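Enquirer: Next come the chains, spelled out residue by residue.
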Amino acid sequence: MAENVEALVRFRDGDTEAFAVIMRQFQSPIIHYLYHLTGDNELSRDLAQDTFLQAYKSLPKTTRDLPLKNWLYRIATNNAIGYHRRKAILSFIPWEDNRRLHIEGDSLQQVSEAADVRAALLKLPAKLRVCLVLHLVDGFKHREIALMLGISEDAVRKRVTRGSEAFRKLYRSPGGDAS
Amino acid sequence: MNCKRVRFLLTSYISGELTDTERSLVEQHLTGCSGCRTTLASFRALSSEFAVLPSIPLNTEIIDRTFSRIAADRVNRFPTNHWLQAAFIAAAAIAIVAVCVVLFALPARAPGDILASALANTRNLQSFRVSNTAYEKDQDSNEWIATWYKDTEYAGLGNFHVKAKFLPSLTTNTENEVWETWETIVYNHTGYYYYGSTPAAYSVEELNKGFSDVITDLQQPADALKILDEIDKLPDETIDGVACSHYHGLVDMEDWVQQHMIDYKASRPDASPALLLMIEDMWRRKKITYDYWIGKNNDIIHQWSMVLGDAANAVEKNKEIFRYYGFNEEITIAPPVDAQGNLLPGWKTQPGS
Chain C
4 MAENVEALVR
14 FRDGDTEAFA
24 VIMRQFQSPI
34 IHYLYHLTGD
44 NELSRDLAQD
54 TFLQAYKSLP
64 KTTRDLPLKN
74 WLYRIATNNA
84 IGYHRRKAIL
94 SFIPWEDNRR
104 LHIEGDSLQQ
114 VSEAADVRAA
124 LLKLPAKLRV
134 CLVLHLVDGF
144 KHREIALMLG
154 ISEDAVRKRV
164 TRGSEAFRKL
174 YRSPGGDAS
Chain A
4 MNCKRVRFLL
14 TSYISGELTD
24 TERSLVEQHL
34 TGCSGCRTTL
44 ASFRALSSEF
54 AVLPSIPLNT
64 EIIDRTFSRI
74 AADRVNRFPT
84 NHWLQAAFIA
94 AAAIAIVAVC
104 VVLFALPARA
114 PGDILASALA
124 NTRNLQSFRV
134 SNTAYEKDQD
144 SNEWIATWYK
154 DTEYAGLGNF
164 HVKAKFLPSL
174 TTNTENEVWE
184 TWETIVYNHT
194 GYYYYGSTPA
204 AYSVEELNKG
214 FSDVITDLQQ
224 PADALKILDE
234 IDKLPDETID
244 GVACSHYHGL
254 VDMEDWVQQH
264 MIDYKASRPD
274 ASPALLLMIE
284 DMWRRKKITY
294 DYWIGKNNDI
304 IHQWSMVLGD
314 AANAVEKNKE
324 IFRYYGFNEE
334 ITIAPPVDAQ
344 GNLLPGWKTQ
354 PGS
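The listed protein sequences correspond, in order, to chains C and A. To convert, take the position in the first sequence, counting from 1, and add 3; that gives the working numbering. To convert, take the position in the second sequence, counting from 1, and add 3; that gives the working numbering.
Chain C on its own, in the form it takes in the complex (with noise of 0.2 Å):
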């Protein structure tokens, strides 16, 4: 985290590599937020690069207290949302190819039980996938959310109870003691 502030503090001060060590610390955690929104390996890719032009072109504008990470996502968010609205496809993602899953080293039972959570998640309207996501695999708290998305805390809490109801229905753990 220090290097990053570093980062910023240099790209602030003109020196364009820096932005390197940002997108190096965090192309891994933006691609695979966007890959469990979209489903799909190259769009989050793409959606990620475009995320951080973004990013390079509007830090510059920002305040030296901005909250990095969260100002991230948040901008990779809208991408995914965005591309959604264009495609008109809020709810339903219609490619479903586990072929293109790259798991190396899992089980069988693994690689099946994270094409079905998977599977599970891209079922869920887009708004709700976002807040669940945010909150369940990127570890963000409710009131981070609220401000990343420009909607109130009990609207993010909603979405996260009512995505995690609608996710129980869609999957089951192998193990069956979730419920």
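Worth flagging that the hints you see were computed from the coordinates, not collected in a lab. Being a predicted model, the structure only gives us computed values, none of them experimental. Keep in mind that the hints are not guaranteed to be accurate.
[To be verified] Here's a subset of chain C near chain A, in silico, CB distances under 10 Å, partners left out:
#1 V140
#2 R162
#3 V163
A virtual CB, placed ideally from N, CA and C, is assigned to each residue, including glycine.
Fit chain A to the given chain C structure using the hints.
Expert: Relative to chain C, chain A alone:
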């Protein structure tokens, strides 16, 4: 704390985001409720289930491609002439400074917080006036306009002094209800005084609630914030000559229907399951929006409105507008009695039950 509230708080409970009091109330409920304990276990399991989500391999291609696009963008955007470049950079710098001053001088606040704060500011004023106008369309889409009350005065923070002027309405001349102009004063919650046609059908409790919902506590627009799904900021507008920020929110109908079905069932315990289904279906097809106009300089609600329509064809059916003005002006509201304590001519009184 009931099950619905507890389940709403469970995800915050798991992530440690509740206050000590909330956490204690949730735990107290969980001790005696197996249903909520099951839901808690189900929610807790989600994190580990999501942990199996696949990861995708990374390399430097994203960074390389992004930098290529940054470079391409620079070539396309910047003028080649050095003087033009300097002018361009200077202009950009000024624009960036302006944007920073406007956008980042103040901490970012969610629209819901801004609205809640403005409602609280208005509620805490010493006095104000309020007028209401309602628009309603009949089946032939003819628009009726009614002003229910005009220049109603509120004064006396915490004491609930209201002087309302109700006007004849175009839309309420039904067989059961014929309204004429009447005036009422509710003083200290304890009873009310009225002038004109008798509003005896109303108890003082009903009047208290009606006024506090809309006028003194702005309860209805504040409650609406809890069920608004999205709040958008629209272009500024001027209300009564005051520049106002305009916010527009769409009600989450799922929540609205759930709450209203509980109220409806309570008010109609004899309703058949078929009727309940029909009512629920009808409500689900509705769309409700709220708009708020907040003074840019005083952070006070100048107007709010509610629009009810059909979700499918976006037709507006009912619209109610509540306009607030005369803030903190000298308004005195007193019982309509003379020096000896006798009612002034024409006035009647209705004590509280």
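Enquirer: Would you settle whether the hint for C/V163 is holds or violated, based on the nearest Cβ-Cβ distance to chain A being less than 10 Å?
Expert: Cβ of C/V163 sits 5 Å from chain A, so the hint holds.
Enquirer: Tell me if C/V140 is really an interface residue toward chain A, meaning its C-beta lies closer than 10 Å to one of theirs.
Expert: Holds, because the Cβ-Cβ distance from C/V140 to chain A comes to roughly 5 Å (cut-off 10 Å).
Enquirer: Grab the minimum C-beta distance from C/R162 to chain A and call the hint holds if it beats 10 Å, violated otherwise.
Expert: Since the shortest Cβ distance to chain A is 9 Å, the answer is holds.
The structure meets every hint from the earlier list without exception.
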